[in-house]
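Residue numbers (my numbering), protein chains in the order written: chain A, -19 to 458; chain B, -19 to 458.
The set of hints was computed from the structure by calculation and includes no laboratory data.
Here the structure is a predicted model, which is why all the values come from computation and not from measurement.
Any given hint could turn out to be false.
Subject to a maximum C-alpha distance of 25 angstroms in a straight line, what follows is the list of computed DSS-like cross-link-like pairs (lysine-lysine) [unchecked claim]:
#, chain 1, residue 1, chain 2, residue 2
1, A, Lys116, B, Lys65
2, B, Lys63, A, Lys231
3, B, Lys43, A, Lys296
4, B, Lys63, A, Lys18
5, B, Lys18, A, Lys222
6, A, Lys43, A, Lys116
7, A, Lys310, B, Lys231
8, B, Lys63, A, Lys310
9, B, Lys65, A, Lys18
10, A, Lys65, B, Lys18
11, B, Lys304, A, Lys8
Protein chains: 2
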Amino acid sequence: MAKEKKLVEAITSMDVDFAQWYTDVVKKAELVDYTSVKGCMVIKPAGYAIWENIQHELDRRFKETGVENVYLPMFIPESLLQKEKDHVEGFAPEVAWVTHGGLEPLQERLCVRPTSETLFCDFYANEVQSYRDLPKVYNQWCSVVRWEKTTRPFLRSREFLWQEGHTAHATAEEAEERTIQMLHVYAKFCEEVLAIPVIKGQKTDKEKFAGAEATYTIESLMHDGKALQSGTSHNFGDGFAKAFGIQFTDKDNTLKYVHQTSWGMTTRMIGAIIMVHGDDSGLVLPPRIAPTQVMVIPIAQHKSGVLEKAQEIREKLSGAFRVKLDDSDKSPGWKFSEQEMKGIPVRIELGPKDIEANQAVLVRRDTREKLTVSLDELEEKLGQVLTAMQTEMLERARAHRDAHTYDAQNYEEFVDIVNNKPGFVRGMWCGDQACEDKIKEETSATSRCMPFQQERIAETCVCCGRPAKSLVYWGKAY
Amino acid sequence: MAKEKKLVEAITSMDVDFAQWYTDVVKKAELVDYTSVKGCMVIKPAGYAIWENIQHELDRRFKETGVENVYLPMFIPESLLQKEKDHVEGFAPEVAWVTHGGLEPLQERLCVRPTSETLFCDFYANEVQSYRDLPKVYNQWCSVVRWEKTTRPFLRSREFLWQEGHTAHATAEEAEERTIQMLHVYAKFCEEVLAIPVIKGQKTDKEKFAGAEATYTIESLMHDGKALQSGTSHNFGDGFAKAFGIQFTDKDNTLKYVHQTSWGMTTRMIGAIIMVHGDDSGLVLPPRIAPTQVMVIPIAQHKSGVLEKAQEIREKLSGAFRVKLDDSDKSPGWKFSEQEMKGIPVRIELGPKDIEANQAVLVRRDTREKLTVSLDELEEKLGQVLTAMQTEMLERARAHRDAHTYDAQNYEEFVDIVNNKPGFVRGMWCGDQACEDKIKEETSATSRCMPFQQERIAETCVCCGRPAKSLVYWGKAY
Chain A
-19 MAKEKKLVEA
-9 ITSMDVDFAQ
1 WYTDVVKKAE
11 LVDYTSVKGC
21 MVIKPAGYAI
31 WENIQHELDR
41 RFKETGVENV
51 YLPMFIPESL
61 LQKEKDHVEG
71 FAPEVAWVTH
81 GGLEPLQERL
91 CVRPTSETLF
101 CDFYANEVQS
111 YRDLPKVYNQ
121 WCSVVRWEKT
131 TRPFLRSREF
141 LWQEGHTAHA
151 TAEEAEERTI
161 QMLHVYAKFC
171 EEVLAIPVIK
181 GQKTDKEKFA
191 GAEATYTIES
201 LMHDGKALQS
211 GTSHNFGDGF
221 AKAFGIQFTD
231 KDNTLKYVHQ
241 TSWGMTTRMI
251 GAIIMVHGDD
261 SGLVLPPRIA
271 PTQVMVIPIA
281 QHKSGVLEKA
291 QEIREKLSGA
301 FRVKLDDSDK
311 SPGWKFSEQE
321 MKGIPVRIEL
331 GPKDIEANQA
341 VLVRRDTREK
351 LTVSLDELEE
361 KLGQVLTAMQ
371 TEMLERARAH
381 RDAHTYDAQN
391 YEEFVDIVNN
401 KPGFVRGMWC
411 GDQACEDKIK
421 EETSATSRCM
431 PFQQERIAET
441 CVCCGRPAKS
451 LVYWGKAY
Chain B
-19 MAKEKKLVEA
-9 ITSMDVDFAQ
1 WYTDVVKKAE
11 LVDYTSVKGC
21 MVIKPAGYAI
31 WENIQHELDR
41 RFKETGVENV
51 YLPMFIPESL
61 LQKEKDHVEG
71 FAPEVAWVTH
81 GGLEPLQERL
91 CVRPTSETLF
101 CDFYANEVQS
111 YRDLPKVYNQ
121 WCSVVRWEKT
131 TRPFLRSREF
141 LWQEGHTAHA
151 TAEEAEERTI
161 QMLHVYAKFC
171 EEVLAIPVIK
181 GQKTDKEKFA
191 GAEATYTIES
201 LMHDGKALQS
211 GTSHNFGDGF
221 AKAFGIQFTD
231 KDNTLKYVHQ
241 TSWGMTTRMI
251 GAIIMVHGDD
261 SGLVLPPRIA
271 PTQVMVIPIA
281 QHKSGVLEKA
291 QEIREKLSGA
301 FRVKLDDSDK
311 SPGWKFSEQE
321 MKGIPVRIEL
331 GPKDIEANQA
341 VLVRRDTREK
351 LTVSLDELEE
361 KLGQVLTAMQ
371 TEMLERARAH
381 RDAHTYDAQN
391 YEEFVDIVNN
401 KPGFVRGMWC
411 GDQACEDKIK
421 EETSATSRCM
431 PFQQERIAET
441 CVCCGRPAKS
451 LVYWGKAY
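Take these sequences, add in the hints, and give me the full structure.
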């Protein structure tokens, strides 16, 4: 029992220190490791396998909407980055610069892509001549670099993995439609696969992407009541097209600028999974994203027939589930702790007495609910348990978020909530950036989004008291 | 007909100018485009889809051997790169250096990974303490950068995509076993999936990887008789482990160094597919790697019922094949030329008379063989045609390679063959690097490998006439 204790004691309780709990979980669940490269991480097999599942599932959904994958260079010449004024202002302060190739200084320095709008524009300027060449609906899976000062695994690191979609369209309407379509793809993916409920909305001008006309976002709430921007979709209008000269001859034989969008989701979603679903025993993975869904753990495996039966069960289940068998020489208790730490959704306990009674014990990771099941019904019951777990994890996360979403009528209430009740604060806004600036400075909360589902919970701005224009979700954010 | 002509005329004949033919094909088959970033390319949807299939198939084969995927940073601190003497000498002259992060100069400059041995060593030095932590059998899919002076799409570019496997083992035997195992994985993949026959062998010391004890390679022969190194697998012994201090406590309670391997395959294989299988009409893709295996092309599609029937066929076949329908407003002849240019293995021609006769015409891309098939048997016959095409493409490539492999007994013969008969030259070698140097200087042929299947085709070195040690494949290479 000493050993089991040690593994669990290795992580700080989330109520004591959420940040430390997070750091402990990413390390003890073997998701990442630190490296000699400051601000960059190693994504270890258990972490990368989650990313592979995210990629697989998102990529499939992208392709269903007509997305094609491409790969563009990781370097951007400085002159190219500077072509769109707002964009370069937003990114230049945080890019890494390559100044030497081999033993020689470069004639023009290159930045390592922080995002690839400029490269896609350069590409589209060559590719697009006629309306027949449109739309372009391209995406790439790659890593990007932003020279952050403070970093945290998955949430903010100098290099991270993501996908970035970049599209070009003949009309403004089509671009807007694609922008919204991809936001819905992200939202459905988060809810259906990651069991993370999201608020869909639009960013204020202050918070929108550098160079965008409009940025749409999905915002989720972590267990500690902080918000996480979980995916964004930008409509660029024809701003980039004008800066880069991306023109096409339309059906009416006139020359027009294309309308563009971009949209991205990153490895930070692994951080979201941890912070939405995890508990004091470690990670809890939604079944649909879990690299291993089921761990078979034999009890008294030295006894005759136990390992053989466990192997047989693993074999039988592996057609329908992602299942592993822990036949290491560790104690069962230690194996339970490891399976819990790694967030594997269900374990199957199987000992000599179970085998004698033709049964096994299923234990759900999230609720720890135990279910004794006949071996004849194992596959069926396991499917039910995993489905129920996926559904209930989403419901629980939604209930937690709703219980931590507060309405503020005026500034006094607003400040009180931000200071004392971690979560989203809903408050009306006049539309003036001065109010956003004041709120950020005085409370460190930021506007997360103007939700698509607008309500008028008050007539006046929660900050200045002038007539309100929009409902805004505010919160402290990662 | 003017249009059809134009598309075919757009590419140079391979017999006239093979290099220009290659450049034309990569461009006209829409595989890549050039960019504003010198020496880097855009991989377009048709090219990237081939890479996705390569990834999918290789990754599956890796995982069957116990490989786990990870992701390490793209940057290597200069001090880390310098830890292994041979390695830094091999790579330092061709790396890109990051010297500034944001607005500030870095304390230590970082190179963009040209390969990640040093990062994996740094990682393993932290991760490996006990024999229980071994083996580590990790791989990553990523891009790497080498500051090449002359570049060609897929074959040699400043940034390219690849996978790099890096393993650590308790014993020298296990490391050697893994090195050879992965070479066999590559060889089987090339032959079974890409229909490219390979010679398996070992590199000479002159040609081995910087820092390796032994480098194994698969070498393939392009249509123009030049060789292409198609995949390599390196055994590092404990050289890196000593430089990086990667030690573990073994079962006998003594401290030992690990033994390491690495192995990689790159986007250059897309270049190999083009140069092994392509013809004067463009690309020819082996069915197993082709993103689209079948293109349905309706004839007289304006006539009633034609498009509907074509759609029905596409729908029906899409369960078993990767199939598309070209219902654009181009002429059938133009569509044929495009399908041929893009190397789609089979087209199905379907016109009103075919429909009336309940048949369609299958045309194989490689042989242009036409087969009139009853619609009732379409799926079955299509499967047979694709299988036959895959098999015959490999056989044809093997026959071409064998017909372009020559034995040289002495230096006169050797020089004559290299100068007049493009292909592999087999010649015995004394083992002295001076002979390799002389051959390279005087003929520009290099030693490709010492094949696993050794034969004694002569008793003396083809260069110096001293007693021979090994049979070597020589050739001009990409």
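Results of checking the hints against the structure:
1. Lys116/A with Lys65/B: Roughly 47 angstroms between the alpha carbons, so the hint for Lys116/A and Lys65/B is violated.
2. Lys63/B with Lys231/A: Distance of about 61 angstroms is beyond 25 angstroms: violated.
3. Lys43/B with Lys296/A: 20 angstroms, holds
4. Lys63/B with Lys18/A: 18 angstroms, holds
5. Lys18/B with Lys222/A: Answer holds: Lys18/B to Lys222/A is near 24 angstroms, not above 25 angstroms.
6. Lys43/A with Lys116/A: 13 angstroms, holds
7. Lys310/A with Lys231/B: Between Lys310/A and Lys231/B the Cα gap is close to 17 angstroms, so the pair holds against 25 angstroms.
8. Lys63/B with Lys310/A: Measuring from Cα to Cα gives roughly 37 angstroms; hence the hint is violated.
9. Lys65/B with Lys18/A: 24 angstroms, holds
10. Lys65/A with Lys18/B: 24 angstroms, holds
11. Lys304/B with Lys8/A: Violated, at roughly 47 angstroms.
Of the numbered hints listed earlier, those contradicted by the structure are 1, 2, 8 and 11.
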